[in-house]
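Protein chains: 2
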Amino acid sequence: MIDWKALATEKRNSVNSLIPKPWRLESPIPPASEQRDVTGKFIQQFLSPREIEITETDAVGIVKNTTSGSWKAREVAEAFCHRAALAHQMVNCLHEIFFDAAISDAQKLDDYYAEHKKPIGPLHGLPVSLKDQFHVKGVETTMGYVGWIGTFEGKKNTGKEKIFESEMVTELRALGAVLYCKTSVPHTLMAGETVNNIIDYTWNPKNRLLASGGSSGGEGALIGLKGSPVGFGTDIGGSIRIPAAFNGFYGIRPSSGRLPYEGMANSMDGQNSILSVVGPLGTSVGSLKLVIKSLLSQQPWLHDPLVSEIPWRDEQEQAIFDIVKSSGGGQLAFAVMKSDGIVQPQPPVLRAIEMVVKVIEKLGHKVIEWNPPSHSRAVDLAYKTWVYDGGADVHDAFALSGEPMSNQIKPAYGTRKAEYTASQIAAVNIQKREYQKEYMEYWNSTSALTGTGRPVEAIIAPVAPFPAARPEMYTYYGMSTWVNLLDYSAAILPVTQVDKSIDVIDKEYKPMNEHDEKVYSSYDPEIYDGAHVSIQVVGRRFQEEKVLALTEILGDALGKHIA
Amino acid sequence: MIDWKALATEKRNSVNSLIPKPWRLESPIPPASEQRDVTGKFIQQFLSPREIEITETDAVGIVKNTTSGSWKAREVAEAFCHRAALAHQMVNCLHEIFFDAAISDAQKLDDYYAEHKKPIGPLHGLPVSLKDQFHVKGVETTMGYVGWIGTFEGKKNTGKEKIFESEMVTELRALGAVLYCKTSVPHTLMAGETVNNIIDYTWNPKNRLLASGGSSGGEGALIGLKGSPVGFGTDIGGSIRIPAAFNGFYGIRPSSGRLPYEGMANSMDGQNSILSVVGPLGTSVGSLKLVIKSLLSQQPWLHDPLVSEIPWRDEQEQAIFDIVKSSGGGQLAFAVMKSDGIVQPQPPVLRAIEMVVKVIEKLGHKVIEWNPPSHSRAVDLAYKTWVYDGGADVHDAFALSGEPMSNQIKPAYGTRKAEYTASQIAAVNIQKREYQKEYMEYWNSTSALTGTGRPVEAIIAPVAPFPAARPEMYTYYGMSTWVNLLDYSAAILPVTQVDKSIDVIDKEYKPMNEHDEKVYSSYDPEIYDGAHVSIQVVGRRFQEEKVLALTEILGDALGKHIA
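Going line by line, the protein sequences match chains F and G.
Just so we're aligned: 320 in UniProt numbering is position 320 of the first sequence, and the numbers increase by one with no gaps anywhere.
Just so we're aligned: 468 in UniProt numbering is position 468 of the second sequence, and the numbers increase by one with no gaps anywhere.
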């Protein structure tokens with residue numbers, strides 16, 4: 001019998017011990033009841049003005065300075081390592097720390113620059129955080145499983161332990177990025193909160209009564225505290241978008257096959273109906289574009305068999321800006337979907353959508369209502385793909401150590417069930433394709449409604465029914481999973497913050513069903529006060545350039561060029 | 001108990017009755033023992049000089065005439081309908097005939113041209129034949145199953161019968177193509193020969209002792225007899241390439257997601273590990289390019305959720321021509337793979353590969369040997385995807401009528417087996433991805449061997465171990481299926497014809513294994529004499545433009561600009 005608690009404690013302590021002594025907090029921070037928000041001024045008190053200047057610059061601003069030699073990569077790396085160390089001590093957001101390697105890598109970049117008088121690549125000196133699915137030499141990948149400690153994806157003596165690197169890691173290094181930490185995830189990856197038996201719970205730094213989101217929840221908390229300018233997460237049901245939204249910054253779920261997932265750890269690997277995708281989260285739209293465009297310049301389709309050969313298309317981005325700038329002010333057209341017909345978002349989310357609609361209209365663009373094919377079909381189909389193997393993969397992972405499954409995971413995986421057969425999986429694949437086709441033709445049909453002669457550019461929709469989940473109260477994922485079923489590109493747009501004096505409970509509202517009732521009853525203005533509120537901008541498949549352009553236009557209009 | 005024989009006879013007769021009386025052969029053609037080859041002069045005897053001129057022009061030449069008003073669409077349609085009718089009477093290559101609709105559609109195109117003085121689209125007046133998986137209004141889709149007669153994909157009263165059209169059919173019509181027949185397939189589609197209980201066997205018109213190939217075998221025979229300038233087949237294990245090769249003309253298997261499969265009938269629909277792809281077969285490389293480029297101009301990604309947004313890329317094609325035309329004569333680099341390590345091709349195929357190597361060298365390009373990761377891994381994995389459902393789908397289809405399964409299908413599907421579970425399918429998907437990654441890196445590594453600084457442009461390889469299969473002797477598919485596993489783009493290059501005086505049996509050869517022994521012993525120079533011999537040109541994923549450019553360069557050098 002393995003003592004999983006001892007193993008977990010040892011792992012947690014060994015990671016924490018990598019925080020240099022001068023960066024350790026002398027005393028624990030006040031409890032959430034006293035200090036709900038640890039962002040902004042709270043975390044700044046532990047940093048020098050220069051560190052604050054560096055860490056509150058977005059990725060675009062950082063590379064402007066590092067690729068021109070104005071800022072040293074080493075100083076930038078040290079500032080982010082320090083701030084990440086503080087963030088971790090406040091909200092438990094890191095699984096692996098490799099600050100020494102980062103500072104050493106940054107020094108090499110500075111040496112290169114000194115010798116060659118030019119940067120090594122477009123991301124020269126840019127710190128990039130990675131979700132704990134990426135393999136990085138020198139450190140482990142536990143993905144929150146105690147049973148993965150000391151292994152390679154749960155297997156011992158593979159020869160890959162602490163040596164093998166994921167394809168994107170290789171590419172980021174070639175581009176000049178500095179890697180320094182891996183961020184926390186919920187074990188199994190299948191939750192919108194981040195909790196596991198190694199680091200416990202990753203809290204939302206803006207409001208520590210709430211979740212940081214999941215499954216890229218460590219990225220959410222870390223970037224939310226500006227302990228990273230840009231990082232990479234993954235998304236099979238909302239796992240990039242949810243933490244970006246809960247923490248009030250930008251993120252994009254690209255379509256599958258746009259960016260390289262090759263060589264990453266995963267849950268239910270080989271499930272082929274809805275693929276998990278990798279994508280960036282960051283404090284500005286520009287930062288997302290910067291890293292995507294840089295990665296595509298590496299021709300990842302020559303190193304990842306699942307990546308489609310679609311280079312960055314400046315012209316698709318430009319087409320949007322051209323419409324906006326055309327003489328007389330050209331019109332874009334958006335659709336708005338407040339509810340998916342199953343669950344009504346909580347008041348702050350509804351208000352955020354209203355705000356975005358007003359901004360769109362103020363900018364002179366069109367907004368139509370979105371009345372798509374039934375979303376409950378999408379939600380049901382997406383859920384089926386999560387449980388094809390009846391939980392075999394995750395149960396095997398828990399069994400490695402005997403550790404318990406967290407409550408957040410139990411609804412889907414608590415009981416191991418029969419596996420789907422080939423014919424049952426094929427039936428889901430057909431229904432999925434039919435749904436995609438129907439949805440696509442609905443989207444095409446909006447050209448008759450927009451007045452622009454084109455279908456809508458994107459859909460404005462909630463990504464979750466709440467600003468952020470309360471612990472163990474993330475009961476409905478349908479607002480994010482439909483995007484995965486359709487394989488659409490979707491970015492997060494941070495909009496506002498909860499104001500308990502405005503975002504009051506609608507006592508007249510009659511919930512439509514059990515899901516809706518749970519979401520409705522979990523809203524409490526007192527608890528939510530101050531939390532970030534974000535929505536998603538959903539584009540068609542492989543429309544990353546367009547979605548980012550639209551999101552930037554809206555973010556700028558909302559005064560959030562840098563979140 | 002359904003009388004499947006009566007149903008099949010009735011269907012066969014009803015289709016044959018659609019051949020206008022003047023086009024019916026007065027007496028049966030001589031048996032294969034007397035008249036092996038029915039192409040060329042043999043079929044020409046039943047046609048007028050003008051009909052011969054039209055039908056022996058390739059698609060590029062046809063649209064040049066029809067889009068400029070030189071040729072009337074109606075005259076072109078009538079000529080091809082006539083020649084297709086003759087072809088069918090010689091080798092059983094059609095499942096559906098709709099000459100009346102075609103001639104009426106062609107007349108409308110002529111009327112349009114007369115009124116607007118311009119063509120309706122780039123395929124204005126081009127006859128296009130379709131494999132019997134396409135749904136076309138007015139006719140059935142049986143896919144060779146007696147149980148599908150009078151149904152929509154085996155289901156009755158769906159409301160779609162004889163009304164619903166596949167996405168590509170809609171697009172072809174919009175481009176101006178004239179649809180006039182659907183071509184024969186082996187029931188289940190899972191064979192390299194074409195046989196079913198409705199039309200019996202589709203023979204190879206160049207050598208009626210041999211198979212026309214499969215599963216797009218009707219396309220192979222029809223285009224081989226020039227009863228169609230260009231047609232569409234599908235390929236999950238070689239089904240476009242095999243009939244193109246066996247009948248000595250061009251064809252391309254695009255990567256999955258390049259062309260729209262939406263709304264087509266299929267076997268084992270929903271199997272998601274290796275997707276069947278749709279692609280063109282035709283008498284010139286230009287004709288394949290013409291139809292692919294035209295279809296992509298329709299933005300099929302807006303109407304098929306599985307199509308990737310990759311427009312036709314002139315620049316990728318041009319990059320190849322630029323290398324060749326650069327001052328001093330730039331070098332291309334090819335790899336050559338004579339055997340896959342499992343089976344040695346028969347003497348005529350080996351000779352064809354040697355001929356291509358000599359042509360490449362004569363053109364001043366480089367040839368290196370291909371020593372890839374084990375092909376037996378690829379062959380085993382591809383086969384597993386064929387039997388995920390244990391044969392459930394095909395057994396259900398046979399059970400609709402009680403008709404027997406042909407011998408060609410029995411090795412894979414004779415006995416119904418247990419279905420794969422979700423975990424077993426996931427394991428195949430992972431092994432497939434790992435194999436793809438390994439193969440891709442091997443390909444990348446050839447940049448060190450070519451002398452051009454680039455990896456090889458393409459691989460020259462056999463597509464089958466024989467020039468064409470002898471009936472019931474297609475025992476090894478591994479030479480085509482590895483391309484499907486890797487999702488590579490691959491075109492057929494017709495090279496030569498069997499010459500019994502040159503292509504003698506190598507009596508010293510010691511077969512490597514049981515597969516190899518069967519292939520070796522099935523070669524008989526007397527039987528094969530005169531048959532077409534073709535090979536495949538294999539490019540990386542989504543390299544259709546490049547593969548076609550390379551195939552055109554080689555085809556031109558072989559004197560086969562039009563096959």
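Calculated from the structure, these hints are not laboratory results.
Hints are supplied without guarantee of correctness; some may be wrong.
Taking beta-carbon pairs under 7 Å as the criterion, some of the chain F residues facing chain G (in silico) [to be verified]:
id	residue
1	266
2	309
3	311
4	312
5	405
6	407
7	411
8	415
9	421
10	423
11	426
12	430
13	434
Subject to a maximum C-alpha distance of 25 Å in a straight line, what follows is the list of computed DSS-like cross-link-like pairs (lysine-lysine) [stated by the list, open to error]:
id	chain 1	residue 1	chain 2	residue 2
14	F	137	G	437
15	F	437	G	118
16	G	162	F	437
17	G	437	F	156
18	G	155	F	417
19	G	437	F	162
20	F	293	G	160
21	G	437	F	155
22	G	437	F	437
23	F	118	F	5
24	G	417	F	437
Across the chosen pairs, the derived CB separations fall in these ranges [stated by the list, open to error]:
id	chain 1	residue 1	chain 2	residue 2	range
25	G	530	F	383	26 to 32 Å
26	G	3	F	449	51 to 57 Å
27	F	383	G	453	46 to 52 Å
All C-beta atoms, glycine included, are put in the ideal place defined by N, C-alpha and C.
Any hints this thing doesn't respect? Which numbers, in order? 1, 3, 4, 5, 6, 7, 8, 13, 15, 18, 20, 22, 23, 24 and 25
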